[in-house]
Amino acid sequence: MKTQPTYYRPAIASDWKLLFKPRKAGRYVNDHSIVRAPNGSWHLFGITSPNTQVNPQHERYFVHAWGDSLKEGLTHEEIVIDHGTRAWAPGVVKEGSKYYMYYGPSPTRLAISGELHHWINHDVHLIGSPIEACHRDHMVLKINDYTWVMYATGIKDGYGCISVYVSNDLLSWRFVQYALTTSGNAPLNSSWGATESPYVVFYEGCYYLFITYTDCSTETYNDTLVFRSCNPYDFGDYNGDNESEIVAAKLFGHASEVFRDPDTGKWYITTCGWPGKGIPHEHAVSIAELEWR
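Just so you know, the sequence shown maps onto residues 735 to 1027 in this note's numbering.
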């Protein structure tokens, strides 16, 4: 008989500390991706703009920040992916000696690098994808030696959803299904999809899906919902009436990354966002310790 996994509830376990605030490459940081290089350095790629006044149409390159220590913060910065077109919500993963960066908005774009500083555009194919299934906010996770899954924000029947795709080579992706749907009395129903910034981690036998659930109002901007499943392709349907059954945790956070430091074993969560939205450090990315309880 298969043993039922122990269920955990993620919780923020420290004060928020400043991780990175751009000083040359932009005026704020929104959705971002964090990776660790083989030499132990930490790298952040995030949405930014040369203007303090927010206009998503002006978010046309990424800030790349890096440093040796999460505790000391990321102290170096540069501009990457500057092609004169919108560049939103990068998701970066490493496979072998290469880094793969997926970003939006639709259509999905891909850039590849061998050292995180110089990126080359590459074709990427999404097969069998419904028209509105993959709008933005890509996140990629390796679930076994041969299989990668990609999560993205989409829309289904007028409600926000998270779509999931599968690949064996990181270049061609097949739509599997909707990993999370919202429906019925779900409290938010923005036209662009309120289920933003999916991030999935595997912990002690279960997958945990973190999403920012917001209509971009100040009241909901920093609301993160966590859904739990033993199946990385299916986190259920959130209809507003089943919150106590389907939502594993509610946290403060916007476009949060969740990751473990292999040197210390500690887990961390980040938050970020547009100016004037009540984030811990204005114009910056903040970081806090996370515990599984």
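Read the hints as simulated data drawn from the structure, not as lab findings.
Just to be clear, a hint being listed does not mean it is correct.
[Said to hold, decoys possible] 20 Å max Cα-Cα, derived PhoX-like pairs, lysine-lysine:
| # | residue 1 | residue 2 |
| --- | --- | --- |
| 1 | Lys984 | Lys1011 |
| 2 | Lys984 | Lys805 |
| 3 | Lys755 | Lys1011 |
| 4 | Lys805 | Lys1000 |
| 5 | Lys755 | Lys805 |
| 6 | Lys751 | Lys828 |
| 7 | Lys832 | Lys876 |
| 8 | Lys828 | Lys876 |
| 9 | Lys751 | Lys1011 |
[Stated by the list, open to error] For each label pair, taking beta carbons as the anchor points, the in silico distance ranges come out as:
| # | residue 1 | residue 2 | range |
| --- | --- | --- | --- |
| 10 | Glu806 | Gly1012 | 42 to 50 Å |
| 11 | Thr809 | Asn976 | 27 to 35 Å |
| 12 | Gly1012 | Ser906 | 36 to 44 Å |
| 13 | Gly818 | Glu977 | 37 to 45 Å |
| 14 | Val910 | Asn973 | 17 to 25 Å |
| 15 | His852 | Ser951 | 37 to 45 Å |
| 16 | Glu812 | Gly974 | 38 to 46 Å |
| 17 | Glu938 | Asp879 | 40 to 48 Å |
| 18 | Ser951 | Glu866 | 18 to 26 Å |
| 19 | Thr998 | Gly818 | 36 to 44 Å |
| 20 | Ser951 | Gly774 | 22 to 30 Å |
| 21 | Ala745 | Gly918 | 27 to 35 Å |
In this text, a Cβ means the ideal position worked out from N, Cα and C, and glycines have one as well.
Going back to the hint list, which numbers does this structure go against?
2, 6, 10, 11, 17 and 20
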